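**Q** Given the structure of chain A, go ahead and fit chain B with the ligands onto it with the hints provided.
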Amino acid sequence: MSIFEALRVALTQLWAHKLKSIFSLLGVVIGITFLIAVITVVEGMNRYVQEDFAGSLFGVNTFSVVRRPTVSTGNRSAEERRRLDRNPYPDLDDVEALRNAVPDARYFAYRDARRMREVWHGVRRRRNIRVIGGSEDYQDVQGWKIEEGRGLTPLDQQRGLKVAVIGPEIAEKLFPAGSPLGRQIRLEAHRYEVVGVFERKGGLLGNAWDAAILMPYEAYNQTLSRKRDRVLEISVKTNNESELQVAMDAAEEALRISRGLRPGEENNFYFQTSSGLLSAWETINNILLAAVPGLVSISLVVGGIVIMNIMLVSVTQRTREIGVRKAMGATQRDIMMQFLAESSFISLLGAALGILFGLGLGKLVERFSPLPASIPPWAVATAIALGLLVGLSSGIYPARRASRLNPIDALRYE
Amino acid sequence: MEASTPTVIVTHGLSKEYDMGAEIVHALRGVDIQIRSNEFIAVMGPSGSGKSTLMNVIGCLDTPTAGEYILNGVPVQDLEDDELARIRNREIGFVFQTFNLLPRATALHNVELPLIYAGVKAGERRERAARALGLVSLADRMQHQPNELSGGQRQRVAIARALVNEPSILLADEPTGNLDSSTSAEIMSLFVDLHRQGQTIIMVTHEHDIAEFAERIITLVDGMVASSHATLTTAPFASTAPPVISEP
Ligand SMILES: Nc1ncnc2c1ncn2[C@@H]1O[C@H](COP(=O)(O)OP(=O)(O)OP(=O)(O)O)[C@@H](O)[C@H]1O
Ligand SMILES: [Mg+2]
Numbered sequence: 000m001s002i003f004e005a006l007r008v009a010l011t012q013l014w015a016h017k018l019k020s021i022f023s024l025l026g027v028v029i030g031i032t033f034l035i036a037v038i039t040v041v042e043g044m045n046r047y048v049q050e051d052f053a054g055s056l057f058g059v060n061t062f063s064v065v066r067r068p069t070v071s072t073g074n075r076s077a078e079e080r081r082r083l084d085r086n087p088y089p090d091l092d093d094v095e096a097l098r099n100a101v102p103d104a105r106y107f108a109y110r111d112a113r114r115m116r117e118v119w120h121g122v123r124r125r126r127n128i129r130v131i132g133g134s135e136d137y138q139d140v141q142g143w144k145i146e147e148g149r150g151l152t153p154l155d156q157q158r159g160l161k162v163a164v165i166g167p168e169i170a171e172k173l174f175p176a177g178s179p180l181g182r183q184i185r186l187e188a189h190r191y192e193v194v195g196v197f198e199r200k201g202g203l204l205g206n207a208w209d210a211a212i213l214m215p216y217e218a219y220n221q222t223l224s225r226k227r228d229r230v231l232e233i234s235v236k237t238n239n240e241s242e243l244q245v246a247m248d249a250a251e252e253a254l255r256i257s258r259g260l261r262p263g264e265e266n267n268f269y270f271q272t273s274s275g276l277l278s279a280w281e282t283i284n285n286i287l288l289a290a291v292p293g294l295v296s297i298s299l300v301v302g303g304i305v306i307m308n309i310m311l312v313s314v315t316q317r318t319r320e321i322g323v324r325k326a327m328g329a330t331q332r333d334i335m336m337q338f339l340a341e342s343s344f345i346s347l348l349g350a351a352l353g354i355l356f357g358l359g360l361g362k363l364v365e366r367f368s369p370l371p372a373s374i375p376p377w378a379v380a381t382a383i384a385l386g387l388l389v390g391l392s393s394g395i396y397p398a399r400r401a402s403r404l405n406p407i408d409a410l411r412y413e
Numbered sequence: 000m001e002a003s004t005p006t007v008i009v010t011h012g013l014s015k016e017y018d019m020g021a022e023i024v025h026a027l028r029g030v031d032i033q034i035r036s037n038e039f040i041a042v043m044g045p046s047g048s049g050k051s052t053l054m055n056v057i058g059c060l061d062t063p064t065a066g067e068y069i070l071n072g073v074p075v076q077d078l079e080d081d082e083l084a085r086i087r088n089r090e091i092g093f094v095f096q097t098f099n100l101l102p103r104a105t106a107l108h109n110v111e112l113p114l115i116y117a118g119v120k121a122g123e124r125r126e127r128a129a130r131a132l133g134l135v136s137l138a139d140r141m142q143h144q145p146n147e148l149s150g151g152q153r154q155r156v157a158i159a160r161a162l163v164n165e166p167s168i169l170l171a172d173e174p175t176g177n178l179d180s181s182t183s184a185e186i187m188s189l190f191v192d193l194h195r196q197g198q199t200i201i202m203v204t205h206e207h208d209i210a211e212f213a214e215r216i217i218t219l220v221d222g223m224v225a226s227s228h229a230t231l232t233t234a235p236f237a238s239t240a241p242p243v244i245s246e247p
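So the protein sequences, as listed, match chains A and B.
The opening residue of the first sequence carries number 0 in numbering that gives the first Met the number 0; numbering runs sequentially from there.
The opening residue of the second sequence carries number 0 in numbering that gives the first Met the number 0; numbering runs sequentially from there.
No lab work stands behind these hints: they were computed from the structure.
These figures come from a predicted structure and were not determined experimentally.
We put the beta carbon where it would ideally sit given N, CA and C, even for glycine.
Hints should not be assumed to be uniformly reliable.
Stated by the list, open to error - Have a look at the derived ranges for each label pair, beta carbon to beta carbon:
#	chain 1	residue 1	chain 2	residue 2	range
1	A	Ala384	B	Ile69	46 to 56 Å
2	B	Glu82	A	Glu413	28 to 38 Å
3	B	Gly197	A	Ala384	52 to 62 Å
4	A	Phe3	B	Glu211	28 to 38 Å
5	A	Leu355	B	Asp192	53 to 63 Å
Isolated chain A, as found in the complex (with noise of 0.2 Å):
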């Protein structure tokens, strides 16, 4: 008998007993479901934190010198807290040491910034904005792009010039008929003029940026600073990973004697790397993945043992049938390949549906979050083999109990 032949039979007998077939199916579905709305969740973190988080907050091969850590990352004691909490903000002076210390930077840039109540042009306003002053290389660094108009120029940085490139958000609320090129927006009592437009970013984060202003450095240090010459943010990238370490190196050195720190005396400033918080969210990951065996190979082998069960029952009900079948000439062999089929089926079927299952759950994260939903093949290889896995060892024993039955025996079964 052909395997075709085996899974026309399966076919039928599960098309006869639907709801007995259905019920055979949960342990599997939920098995596959959680496999599959996992990875979907990792993967779509991984990819969220390397490509979206990590690469516009710090981007890659990327070392920022900061106050304390914008997130935060790890356990640290409250003393530790303490102790950052009181390191001074950098400052220009910090600026010009760094940027001797590490001359061939593929880029060097910093940035001061507020958040501010309103932005205006004429009456119409938007509330709740980030202005951000940033030097010369800064949306590089960034990896902004410019949807319409122009990005900030060597020559705005040089002469301080009151220009802005602002966020889709605050030109939509703006501008919302014409072009917001060469118009002029207002901050507290300030002028500036729109000379372009970035691209949305969306997403959670991007949310912010969206609503963002950015202006030359030395223009924003003239009119909104809080505090003279204070930058928030000294952003340093290097060509490749092996670079960076030397960087930071040569960095952190300039620095201390720049603030004139004594040796012993810790480090008043921070580093902030992308790989640091690559790490944190590693972790997390990590905690995720390791829990996914446990919990899918459970409720795979309760799924095992409902199907087992299943076809248990089902070789006993069909006894009859199995010595007709024998009466007829079919081998042990074509009996063990039947009743195969059939569990290998139900457990497939199964993978099948949590596959959906578990990929419609990862299309409600996306929705609610700004993860993507993201499953990789081998993830829906994976299930599938698992499926066949969990379908022929849950089908092996009773398909060898209706294999070994004496035709005699079945076909008196009552």
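**A** Chain B with the ligands alone, transformed into the frame defined by chain A:
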């Protein structure tokens, strides 16, 4: 004439015991029979005399505890499971008292069953099964499930199934046991036709008028052959059938 009709079945001292723990049931105690090709045999005897047991052993559904069973020259008692399955598939067509059709399958699919296990391709299978159903006058009931058929029709489906793979012997254990007398007559005329076309048939029955359709009646008593004699049937070879060895 004797030389020209080959022997299909020979048994020597065929025994079957059931170990029931407290006692041992001797269902067959040394059965010696010979059956030639194209014979039509009725097996009779009181209830519990071992008729079904003998049929099951001959049909390779059951194995003897002792003795020899040679089918078409092959000593069957030594064969492995798979070889027995092959014999059931190719050499034996079994008709049961209770029909034993697959309840959820159509008549056509039921008849296809032996061909599935013979590895016949789907197209040819359907064609041969349809032809076999035509032979038992059920061409118009192919897509019916057993519960949509009368008892006689069910038994005819079972006969079509038994014949579809052209077995060397047709075995029927009380094929009319569950049928009324007119339906029984239909089935018997079918058997007589098949026999005329050269089919070897062994049939168990309780009823003398049914047994009279056969050429020879083997009577079992207490698991042993009590007698074997030709009937008055006008079947072509009946009078010339060789005397059968029958040990008391
Ligand atoms: N599976 C079994 N286990 C134990 N004893 C059995 C079994 N099958 C048959 N027997 C016994 O073997 C003997 C012969 O049984 P068998 O079914 O061959 O009789 P039979 O001649 O076909 O009877 P009937 O005319 O009632 O069908 C009986 O005594 C029966 O009780
Ligand atoms: Mg009987």
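**Q** Hints first: check each against the structure and report whether it holds.
**A** Structure-based check of all given hints:
no., hint, result
1, A:Ala384 / B:Ile69: 46 to 56 Å, "holds (50 Å)"
2, B:Glu82 / A:Glu413: 28 to 38 Å, "holds (29 Å)"
3, B:Gly197 / A:Ala384: 52 to 62 Å, "holds (55 Å)"
4, A:Phe3 / B:Glu211: 28 to 38 Å, "violated (48 Å)"
5, A:Leu355 / B:Asp192: 53 to 63 Å, "holds (57 Å)"
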